[in-house]
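Engineer: What follows is each chain in one-letter form.
2 protein chains.
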Amino acid sequence: MNYTLLRSLSRPRLASWALRRFIATKNVVPDPMTGELMPPTPDIQPNLLQITRNANPGTPPPSKTLVFGHTFTDHMLTIPWDAVSGWGVPEIKPYGPLQMEPSATVLHYAQTLFEGMKAYRDETGKVTLFRPDMNMKRMNNSARRLALPTFNGDAFLDLIKRLISIDKHWIPQEPGHSLYVRPTLIGTQKAIGVGPPNEALLFVILSPVGPYYASGFKPVALYGTTEFVRAAPGGTGAYKLGVNYAPGVLPQKSVAALGYSQNLWLHGPDHQLTEVGTMNMFVVFKTKDGALELVTPPLDGMILPGVTRDSVLTLAREHINGVKTLADLPENLIVSERTVTMKEVKEAAQEQRLVEMFGAGTAAVISPVDRIGYMGQDVHIPTGADGMGPVSRPIWTELVGRQWGKIPSEWSVVVE
Amino acid sequence: MNYTLLRSLSRPRLASWALRRFIATKNVVPDPMTGELMPPTPDIQPNLLQITRNANPGTPPPSKTLVFGHTFTDHMLTIPWDAVSGWGVPEIKPYGPLQMEPSATVLHYAQTLFEGMKAYRDETGKVTLFRPDMNMKRMNNSARRLALPTFNGDAFLDLIKRLISIDKHWIPQEPGHSLYVRPTLIGTQKAIGVGPPNEALLFVILSPVGPYYASGFKPVALYGTTEFVRAAPGGTGAYKLGVNYAPGVLPQKSVAALGYSQNLWLHGPDHQLTEVGTMNMFVVFKTKDGALELVTPPLDGMILPGVTRDSVLTLAREHINGVKTLADLPENLIVSERTVTMKEVKEAAQEQRLVEMFGAGTAAVISPVDRIGYMGQDVHIPTGADGMGPVSRPIWTELVGRQWGKIPSEWSVVVE
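Top to bottom, those sequences are chains H and E.
Every position in the first sequence, counted from 1, becomes a number in my numbering once 238 is added.
Every position in the second sequence, counted from 1, becomes a number in my numbering once 238 is added.
Treat the hints with care, since some could be wrong.
Copies of the same chain look alike in the list, so a pair counts if it works inside one copy or between any two.
List of simulated lysine to any residue pairs, SDA-like, C-alpha gap at most 25 Å [as the list claims (entries may be wrong)]: (1) Lys428 with Glu339; (2) Lys375 with Leu488; (3) Lys428 with Glu329; (4) Lys562 with Ala459; (5) Lys428 with Val305; (6) Lys428 with Tyr333; (7) Lys428 with Pro298.
Read the hints as simulated data drawn from the structure, not as lab findings.
None of these values were measured; they are calculated from a predicted model.
Isolated chain H, as found in the complex (with noise of 0.2 Å):
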């Protein structure tokens, strides 16, 4: 029995007993995007790790000279993939260029995508990472999308625990700063058909950060854009891909001209609200008994499934239910996920009943809003005066206690 009618046989029409006892007996896998069947090919194997250590270390510079991402670490990690071969020897190596082929498909086709996670350093000088599981599976589900490679998630924390380990004395000192680690996997078959790659290559950089908010919150002006969008039903909003954000420049520039900060993405003809610039979005409205409502738009396709986002929502009901309540965060609380639209906003806001919003991302973290562009009028938000509100500030203060190794969590996954 060949490859090839198995693959004739693994139509819906197969009795699906037939082919889960032939995968069972023989050594192949259905394909996770065709259902192709296909010979295994190797998985990341952090056993084979090869290190070539930097002859010419750096200095980490002064924390407060820090710009995001402008600053790179000794080493990179870097695992190879090929259709035939499977996943490579994984290396940790000096930070540095990467041979490109000019006909790689990801400089033409957009074939990229990663994630962006943090390390912690406490005060005992422990290293941790923040639910990085999260972004392990989240890197999969985009990698599914672009017919790209997906990876056994642990063991590529494996290593990325290990490149955070030799490079971890370029976590800064000071409190709130911490690494930001960045994976990123790309195509990068050698020829310009539009296709699923035959080579890609995962890898990892590592860049010391401060804090979003240096000298405290300050709170940003949205503009509520409708011309340009971020996502659409059918498209790749809730995946971390590359092609999400390079679109989302010039609309950042055209409010920029106009005194704003950042784009609120409105979707419909009925303008809900989906993201912020490029974080998920809550908005905290009093109903009209008096509650506390916290709301975000439901992962329905266009929504990224942010980590932040999530922990946000996971903090939020553990406090209603009593699993940990959390101080001064009120009891009257609920939680919802579901559709906001800017004609509720306007409304809440007219009638004093717009409590807060803000943005959540690994970036920021939290990122108040104090103004919303939209229709040629400015909708204001208020802000208390550390920038924050009274759900944001004691789910912020919780969120980034666990993150900084201040309040233990399972959250916190130590590095060894």
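We have chain H already, so just place chain E on it with the hints.
Structural biologist: For chain E alone, kept in the frame of chain H given last:
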């Protein structure tokens, strides 16, 4: 008067005469994106060209063995750009890997755009490009959309001609063969902030290609796709950007598994036909009073303004207007840029008024369609014995006649 002040003046409120006057007397230009006044940086300067000949030139492979985009010629053209110095020294040098920083923004945020052109060699040995001005114009539009630098299209085209001229022996001798020309512009900023890159690279590679249909036209089957989208209103479908390509691979694989070749991208609740795979799309109906109507969707922001699309429309209109009558093309022809829905296509098929359907693009020129899988049924489309239809056949004949240099036209631009 400094630039900061100038920028504050460059808002719409400033009387435009003052702005124009200032621009005329001082050496500043409005930024094409923001309207801010900036000191001009150098445009592409062909006179600075440096040529390094490949010391180990390759041998063009037998034309029969060519697979699209797998073989590249001996040389490539590169032109670097940075925000301070503008366009730098153009180089023609041996084809080979680019040194790419792992932080280069193209690898993370998909800051890439490209063009596809073909160079043809006629029987007398003369090498021509087909309407390259259209590609230069579109490439600059794409660059503006991604906040990448724009350039003088004539200057760039001069350099592309120099490159083709050096590698013209790579154009296969056989009829219907050509040299595929791939200009690409990527953001290469060495920092992973999302914004207009401060560095970019424009490069051109050349690939000898055979005819898309080596042994006569093979009509393809399409699948009417609604669960994935290629483009959306407010998105980037009207620009030739990398971001429009990577997300299409999975949808293509998913319809291939069902026995169809390509996606027919349907938009909106009424299932408007937009594009076919990576091509523009045409349908021919017989109208109720017996005329033939050639229809393609309008350039409404979701449709790529294809060079082949425009050429098909122009030839058909010139036929109708009597500028140049094409042999065998019906006289009672109507040309429409308008929305077409699947309902209309199905009804026309039922009433025997569906005459033909085809994709149009640089790679295939004309690609006939004989079937659309739609909502669980197949809509069948007539094709002639040669695979083509009564409208596409005479238009294709004229079009490739002009491309191959058999029919003189202004669309052919000679490479010296």
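Engineer: Find the hints from earlier in the document that the structure breaks and name them by number, from lowest to highest.
Structural biologist: Checked against the structure, the only hint that fails is number 4, while the rest are satisfied.
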